[in-house]
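Chains as they are written, first to last, in this note's numbering: chain D, 5 to 322; chain W, 676 to 1347.
To be clear, the hints were calculated from the coordinates, so they are not data collected in a lab.
The structure presented is a predicted model; accordingly, all values stated were derived computationally and were not measured.
There may be inaccurate statements among the hints.
Unchecked claim - Partial list, computed: chain W residues near chain D (C-beta under 8 Å):
# : residue
1 : Gly866
2 : Leu1210
3 : Val1293
As the list claims (entries may be wrong) - Reference listing, derived: stretches of chain W covered by chain D, where coverage requires no fewer than 3 residues with Cβ under 8 Å from a Cβ of chain D:
# : segment
4 : 1025 to 1037
5 : 1092 to 1106
All C-beta atoms in this analysis are idealised placements derived from N, C-alpha and C, irrespective of residue type, glycine included.
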Amino acid sequence: MAVIADFLVQGAQMLIVLLTAPMLTGLVRKIKARMLRRAGPPVIQPYRDLVRLMRKEVVLADTASWLFRVIPYFIFAATWVAASLVPTFRTGLLFSWSADLIAIIALLGSARFALALAGLDVGTSFGGIGSSREVMIASLAEPAMIMIVFTLALVAGSTQLSTMAGFMESSAVGLRVSLGLALIALVMVAIAENARIPVDNPATHLELTMVHEAMVLEYSGRHLALIELSASLKLLLYLSLIACVFAPWGLAGPSAGLGALAVGALAYLGKLATGGFLLALFETSIAKMRVFRVPEFLGAALMLGLLATLLLFVSRSL
Amino acid sequence: MLAPTVVVLACAALLLVLAIAAVWIGRTRAGTTIIYGTSLVIALTAFLAGMAQLLRGSAPADDIVLPLGLPWIGVRFRMDALSAFFVVVVDLGAATASLFAIGYGSHERARLRVLPFYPAFLAGMNLVVLADDAFSFLVAWEFMSLSSWALVVAHHRVPDNVRAGYVYLIMASLGTLALLLTFGVLAGPHGGYAFAEIRAAHPSPALSALVLCLAVVGTGSKAGLVPLHVWLPLAHPAAPSHVSALMSGVMTKVAVYGFVRIVFDLLGEPAWWWSMLVLMLAGMTCVMGVLYALMQHDLKRLLAYHTVENIGIIFIALGLGLAFKAYGMAWAAALALTAGLLHVFNHSLFKSLLFFGAGAVLTATGERDMEHLGGLIHRMPHTAFAFLIGCAAISALPPLNGFVSEWLVFQAILLSPQLPSWGLKFLVPAVGALLAFSATLAAACFVKAFGITFLGRARSSAASAARETDRFSLAAMFSFAALCLIAGILPGLFIDALAPVVQVLAGGRMPVQTGVEWLSIVPIAQSRSSYNGLLVFLFMVISGALAASAIHRLASDKLRRAPAWDCGYPDACPATQYTASSFAQPIRRVFGSVVFRAREQVEMAPPGDPRPARMTVVMHDPVWETLYLPVAAGVGYAAERLNHLQSLTIRQFLSIVFAALVVLLLVLALWP
Chain D
5 MAVIADFLVQ
15 GAQMLIVLLT
25 APMLTGLVRK
35 IKARMLRRAG
45 PPVIQPYRDL
55 VRLMRKEVVL
65 ADTASWLFRV
75 IPYFIFAATW
85 VAASLVPTFR
95 TGLLFSWSAD
105 LIAIIALLGS
115 ARFALALAGL
125 DVGTSFGGIG
135 SSREVMIASL
145 AEPAMIMIVF
155 TLALVAGSTQ
165 LSTMAGFMES
175 SAVGLRVSLG
185 LALIALVMVA
195 IAENARIPVD
205 NPATHLELTM
215 VHEAMVLEYS
225 GRHLALIELS
235 ASLKLLLYLS
245 LIACVFAPWG
255 LAGPSAGLGA
265 LAVGALAYLG
275 KLATGGFLLA
285 LFETSIAKMR
295 VFRVPEFLGA
305 ALMLGLLATL
315 LLFVSRSL
Chain W
676 MLAPTVVVLA
686 CAALLLVLAI
696 AAVWIGRTRA
706 GTTIIYGTSL
716 VIALTAFLAG
726 MAQLLRGSAP
736 ADDIVLPLGL
746 PWIGVRFRMD
756 ALSAFFVVVV
766 DLGAATASLF
776 AIGYGSHERA
786 RLRVLPFYPA
796 FLAGMNLVVL
806 ADDAFSFLVA
816 WEFMSLSSWA
826 LVVAHHRVPD
836 NVRAGYVYLI
846 MASLGTLALL
856 LTFGVLAGPH
866 GGYAFAEIRA
876 AHPSPALSAL
886 VLCLAVVGTG
896 SKAGLVPLHV
906 WLPLAHPAAP
916 SHVSALMSGV
926 MTKVAVYGFV
936 RIVFDLLGEP
946 AWWWSMLVLM
956 LAGMTCVMGV
966 LYALMQHDLK
976 RLLAYHTVEN
986 IGIIFIALGL
996 GLAFKAYGMA
1006 WAAALALTAG
1016 LLHVFNHSLF
1026 KSLLFFGAGA
1036 VLTATGERDM
1046 EHLGGLIHRM
1056 PHTAFAFLIG
1066 CAAISALPPL
1076 NGFVSEWLVF
1086 QAILLSPQLP
1096 SWGLKFLVPA
1106 VGALLAFSAT
1116 LAAACFVKAF
1126 GITFLGRARS
1136 SAASAARETD
1146 RFSLAAMFSF
1156 AALCLIAGIL
1166 PGLFIDALAP
1176 VVQVLAGGRM
1186 PVQTGVEWLS
1196 IVPIAQSRSS
1206 YNGLLVFLFM
1216 VISGALAASA
1226 IHRLASDKLR
1236 RAPAWDCGYP
1246 DACPATQYTA
1256 SSFAQPIRRV
1266 FGSVVFRARE
1276 QVEMAPPGDP
1286 RPARMTVVMH
1296 DPVWETLYLP
1306 VAAGVGYAAE
1316 RLNHLQSLTI
1326 RQFLSIVFAA
1336 LVVLLLVLAL
1346 WP
């Protein structure tokens, strides 16, 4: 019986992340539009876009290989699996031990590897621009992320997200310098990883500074829909990650009843809305950077992460 | 039943016989097939014997003393768990390389320059890991070096290869010299050259330190530790591709074996600062290796530089193991060593696979330069698929095997705050950052290697006319690709197989993995960290298949081919694509401008002038220019100065000999 309940909760988690991800993207767009005094598309617009894209036929470039057609499914699978392993409303998910935080980051790395290959597959100049810049950004963002993981793991004594969230909720945490540094670094990495302003502009098209959009330029129809959905899932994943580690309040425990689960789900939606609002606020109040300023931005994140780790190596209580 | 040690030794002897026979067999029409086929059978036998010994666990190994060599030593061979593991790595690589070469070798023009040396090279590697005394170790080591040197200069008409052979010969001599001195110090004044005697002796801390430094130079120069790596990216690509695979995938592992044997086994209890030295070199090796690799546009040279990076990862794990062992944390040392040895195995798989792929591309197109390749996924779909698996595995992407060993290294790093030494407390996080950094750069590097070579449009007529490679080569590539996946989704089996090796070296072992639910791997405890490659793989397959079938059934499965969109400005000329150099440009600009002092110069013709614009990139190799060129200049200067010694009279020569004799006698008389 308990196993069936666990399965249900894990299944619910997978469905929740899949279904709320486009909503989050829509929400951020809507808030950004309102802040710019535009009406903006409705919050559910991303769902309509996805449905419309999925129904359209795929227009595939003549020079595209089979890899180009497989990659959207691969990216979607990797991102979805990663997103369903981050505790959203309940810790101790059935399969949470199958991948710890390092593995989740590496899964996202797999998705990026595939997307960068897709950018090169058709053999156009825009795809190459996108891929080469994406790997440059990743070459700093991913080590920074690993240093953040180190920090969290040293504080909580585990790389398992469930254990981390449980520890963060307990009173043993206290205020720590290292966690503060890690939070700042994590936000910076999340912004870069999700191609948000100031690193990249998700709303851009036909612009020489684009990175993510340049890689997916040749995609259309259902393939594009999957990539857009994966991008939304990735944004949701990072917000869930920040919420689960730095704001674990309301998370239901492994043995929670239905009431606690409902509270956890509501708290999660609240956290997502807050995160989305803060992201929109940040994006509207800052200008996009030149591409070669990005390494400085991410280098700062890397240094913050390294500093946080070093502090913990020096003393476990910092 | 024959003892496994005897079987492996007999295999090595057979390989030597084959090497001699190859001088004649190689002339016949079927020579290539016979030589490589026989090598395949022999290597497989040795592999099975090694497996048998490894799976017997901590069963005692047989000592074999042959009445050869120096009369008071004899030649001793022994296969303990450590040797058995490396026999497995060596012979698995050897068997698959032979299989690959049955197909690949038929394109060889200078057959007799390759065929006799290939079995000899295999025999040399097997003998190094079996040797149980310093003398036979050194003889086998030198045999391995020289036979591989002969293979490097097999195509000696290419000017670059001659230079590669020259640099390799010098560096190999330097390494052997360091090893000779290592064993000299270890054996002490009474000359106990058998490993059992060395193990029983306890050298003083100063001598141990000396041995460590010499061993790092001796084995590190063969493995490719920065700054001793300079020969590796020259020599590995110069050899025929199956030999490149063996040199990069296997011979560097024999060097790792030498390091582990000397430092963990023969030298006794480590001091804490040893790990500082190893970790510093290893961290530098990691990052420099991958940065060099990113700057290359020769496919095989890129792979060779990337070997340097992976050697860095292996040495990081070994350095951590030394640190934990020095402080008596046996379980942590076991984790670090398991991670290192697992990466040894994994790297031998995917690096051999990638070199096979590069070899297949080379035979199909005659090109190693990526700037002239492209679009091969259409022409060589099977090679492309296998190469892609290798690229993903080496980039440490789950659910493949490279990720597992790097994940274990990260777990070992996370244990290191418990080390009491302050030096290590500051060094280890920095090394962790370097490791994370090199892992992402590796992914960038292999996006480039695969993307430029196999994807896009063909950049030359050779690439657009390429044909899929032969079945033997494909079989070799696919067997390693399958192993990469298996080792990635069932890592517990491999970790458990390593337990007897680690038990001897570290005095502890990782928890038994095969009993863990769902076949996860758990380095220390479930609440701390666990990873399940099998489930991650299954989840990805299921969710990908689910998405595909749902979309195809419920939404649309229509597809139309059309010209590329490219924002409305597609250009039919393949030169408008990104090339290897332009792909690496952002990384070159961010990191290369610091490390390699990379400068870009753009010459634009004035308006109206039809000359093309040119961009030149100038880069400097920091290691070569700061370390090797001054030494080479010094040697040249000294040679110039001493040149007049050639034209002395006989009396002057005799007086020099006499003076030297007097000085030596004086030294001997004054020696305490």
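Verification of the supplied hints:
With 8 Å as the threshold, the beta carbon of W:Gly866 stays out of range of chain D, its nearest partner Cβ sitting at about 45 Å, so the hint is violated. For the restraint placing W:Leu1210 at the interface with chain D, the shortest Cβ-Cβ distance is roughly 4 Å, inside the 8 Å limit, so the hint holds. Using the Cβ-Cβ criterion of 8 Å, the hint placing W:Val1293 at the interface with chain D is not satisfied: the shortest such distance is roughly 19 Å. Coverage of a stretch by a chain is defined here by at least three residues with a beta carbon nearer than 8 Å to that chain's beta carbons; for the segment 1025 to 1037 of chain W and chain D the count is 0, and the condition is violated.
With 6 residues carrying a beta carbon less than 8 Å from a beta carbon of chain D, the segment 1092 to 1106 of chain W meets the three-residue requirement, and the given coverage holds.
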